[in-house]
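Line order of the protein sequences matches chains A, B and C.
Sequence positions in the first sequence follow the numbering used here and run -9 to 162.
Sequence positions in the second sequence follow the numbering used here and run 2 to 540.
Sequence positions in the third sequence follow the numbering used here and run 149 to 547.
Errors might be hidden in some of the hints.
Short, incomplete list of chain B residues facing chain C, as computed with Cβ under 8 Å [to be verified]:
#1 Gln153
#2 Arg453
#3 Pro455
Source of the hints: derived by calculation from the structure; they are not laboratory data.
Here a beta-carbon is modelled for each residue, glycine too, at the ideal position from N, C-alpha and C.
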Amino acid sequence: MRCLEKSLAVIQVSKSSPESDAGPSWRIHVSPNRSMERSVALRVFTAISVMCLAVAGFFALQGLWVPLPLAGAELTALGYCWWLVLRSGERQQIIELDAGQVQVTGEMDNFRASFNPHWVRVERGAAAARGHPRRLWLTSHGNRVEVGSFLTEDERNELQGQLTATLGALRS
Amino acid sequence: MSSTAAVHQDDHHHEPVRGWRRWVFSTNHKDIGTLYLLFSLAMFFVGGAMAMVIRAELFQPGLQVVEPDFFNQMTTMHALVMIFGAVMPAFVGLANWLIPMMVGAPDMALPRMNNWSFWILPFAFAMLLSTLLMDSGGPAGGWTLYPPLSLQGGNSFAFVIFAIHLMGFSSIMGAINIIVTIFNLRAPGMNLLRMPLFVWTWLITAFLLVMVMPVLAGAVTMLLTDRYFGTSFFNAAGGGDPVMFQHIFWFFGHPEVYIMILPAFGIVSEILPTFCRKPLFGYVSMVYATASIAFLSFIVWAHHMFTVGMPLGGELFFMYATMVIAVPTGVKVFNWVATMWKGSMTFETPMLFAIGFVILFTIGGFSGLMLAIVPADFQYHDTYFVVAHFHYVLVTGAVYSIMAAAYYWLPKWTGNMYSEKLGKLHFWLSTITVNILFFPQHFLGLAGMPRRIPDYSVEFAEFNLWSSIGGFAFGLTQLIFLYIVLKASFGKRTQELPDRVWEGAKGLEWTVPTPAPHHTFEQPPELRDEDLAHGDVAH
Amino acid sequence: MDNVLKDLRRLMQVNGQAHGLSARWRKAGLTACLGLLAAGTAQAEYGLNMPRGVTPFSSNVYDLHMTILWICVAIGVLVFGAMFYSMFKHRKSVGHEPAQFSHSTKAEVIWTIIPIVILVVMAVPATKVLIQMEQTGDTDMTVKITGYQWKWKYDYIEDDISFLSNLDPASNAARQLGSGIDPASVPNYLLEVDNAVVLPTNTKIRFLITAEDVLHAWWVPELGWKRDAIPGKVNEGWTYIEEPGVYRGQCAELCGKDHGFMPIVIDARSPEDYAAWVAEQKGEQLAEAQQVEREWTHAELFKRGQGVYEQQCAACHQLNGEGLAPAFPALAGSPVATGPVDEHLKVVLNGRPGTAMQAFGRTLSETDIAAAMTYTRSAWGNADKTPVQPREVVAAKRG
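Could you put the whole structure together from the sequences, leaning on the hints where they help?
Printed below as a string of structure tokens:
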């Protein structure tokens, strides 16, 4: 794939060498695909804001001040939406599975949880709100951790399949 | 070692919810795109019906059909409905359907906001159209809403302003969504200079929308406060200046014109290479030309108001700046001709509409260049010459590109191929009648017929007669289009179509099955050079 | 070629006199043929092209217009020619194999530079003509033009003449919805006024253009330009008419329901004839001034008032005094028209700001105001038979 300058696969599965002591282990890296860095986005947003406010400011100087607050409100909305998308793009989770434990690490909030691979189950819950995808849980003994909360419904389906398959392979 | 899991889960594609909930609560870009397109089609016929009233009244000299005040309501509403209800939503609908598929994204970046931005529109237009039924009638001061005239009407004015605000909200939300989607959700490898031109033109259009929508909202808000809250922004008696409204309106208005034509450039740049079986000529210069046109659109607004009495320096500046637009626009037209040159052309309906676009839009461009010449504009301004000019760029420009797009992607959307015979009939009838409709209006304007008049001197009778006949025929011809679209959308599927519906089609949207499944590209697709519409990656 | 055109034009003029629908159809067909021919000639007239006009400026504008038109036609022929050649030669059905080139810096530079050169060629004469147009100094006389809904007022500053110019009654009757009058039977339908602007030829005339209510635009094609009339702003323009004649135009900026019914007629006369006209106007003014002082009977005022009302008031308040709800109130039985004379007079003299009701104190003579008020107070069942005397209007104006 010569044209891929950066591999940003949504769900990346790597399997370590099966000859190691603890038997085979899997590492599932989950992150959404995003194509613009925060710093670039900030520069583009600043450029748009400067131009938009310059225009509204020009009219404000002529005594027509009403567009200025409206431009401000619009840029706030644009900035907020963009920030939401960027933030969700930077989220990632690492699920490491081997014979000894299943460990979930969320890099953004430094969250970490571990489960016994023989007891852990992959479950789907209801959607958090209408229009949202159904949630995906790892549960064991009353503890549960949501995985892939930033994925679309289809991406969650795929992750669910991947987790179930990997756990099955571990248990066999 | 790492390997990318690319498991296709055809077995658990969840089906969309059935019934009205699917459409009302939809967050799927394809469903919302469909809603936008159908809404636009409906508004095209509503606005068209108003045009029929206008042409019926102008069929003969003398007043036969409507009172002058209702005539003014018709011209005003026709413009508002066609601009904000038909052309813009059609382009947003195409953007919704195509941009995620073209950049390899699973959906728009903010799907729920997408739902909002569509569902505001029916309410906005219900409010706008309801003013026709009110005691004081609809807005009759022209779509430009120039004060003091626009402030003379009754209280339906407040509804009109509120409706325009809602349309503005809808446009801003759509623009934000498109900007964020294009920047953040491109598939790996889809860098900016590999994007299809339709995506490029829409990115620049969305940028224009963000720039000018606060200006429009501010301008109409100030009209509202002048009318109801005693401010004097534009009231000469209170120290305001009615000319300032024209400046601020056209600061919005001129970029708005390009908002309605840039995506059309994108569409034509997708369609021509397909049916020429040859890469688009000058991809990079197309991108730069689009950006230049967008930039220039901010410094030419006063060419809409040369007759208000500007200082000589201002008139010269705006004349030169306006003339300069001909350069990037010319580059585009020359590039399209070069794309056709030495191709291997076939003439399916989308291609016919695209070629019709290039020729007839260029004629509109020529009259635009003539209008830029200030001394001549003192004669042309506010005559039917201007009416002919902007209908050439909007009807045979923007609307032709939308129809080309509809024919081109209809099989991908619906899984049904339209009847080529009917499509060609639609094209040829449209092209003949639209020229009978608008070409004589050049002569009318030059001979001295002002625009927006319900009745005219007997010397203008012949061309108005022609124009009206052309108008009725053009209106009727569009029923063929309605039939074709409805049949493809709701008719039974009769044949299996390949993914790549057109032999020469390039682009990621042609790598997904036909009809496009409800969800596409849950996995970022693998990009191959041969899928790019402009072939040559190295440029 | 020219002879063919002339014949066609003559043929059309013959046809133009018969006004059955079939005649119009035939004429339309001929006009269309002429339209096609006109593409090949610069001299086409009869409503196909911009008039050359009767001022030095207007013919410059005409030449500029034709130059740019021809440049556009030439570019169009080249571009569309290349397209059509390509469409016929490079089609799949004739077995043309597609080339695969996708850019050529040389070609792209060429077709960026050439248009720039063409634009410069266009810009030079355009700039010259524009600068000439803006030379408003050194004028011999000044006429102030004021736009009203829906009439024009002309003030001759030096000669102290001033009058209103309305759509002429014959056109006005024919243009009503369902009037049953064939517009073709009305001479100069919609392009005729009651009082034409009389102007001297071979004189540099300055115009000051403004409006009292909404935007209007003053446009006579034969003079070669139009200017917006804007409330609170005075625009300047000038002309120098070279040929005596009658030149017609219209308001060109949407100004409300009767925008299409406020024509402009210029009656250009030789300076001598113009001077005679001025003297005549002066005499009439004097006679009118004497009339103000005398006592008028109700019948005299009612008769005159009906004429004034139909010309000045009926567009909004309607001939039957019922008005047009909601913007234009009824006068029949209205509290103002049946109430105290003082209040009525105030409204008529000063208008109602923010509505279409104008301050007629500034446009109509005292006698006309008195007559129109007498008429409205006693027509359509309004019962006040006491005449409003012109004297009273004079007194009210003085405050």
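Now the hints, each set against the structure:
no.	hint	in the structure
1	Gln153	holds, 6 Å
2	Arg453	holds, 5 Å
3	Pro455	holds, 5 Å
Checked against the numbered hints given earlier, this structure breaks none of them.
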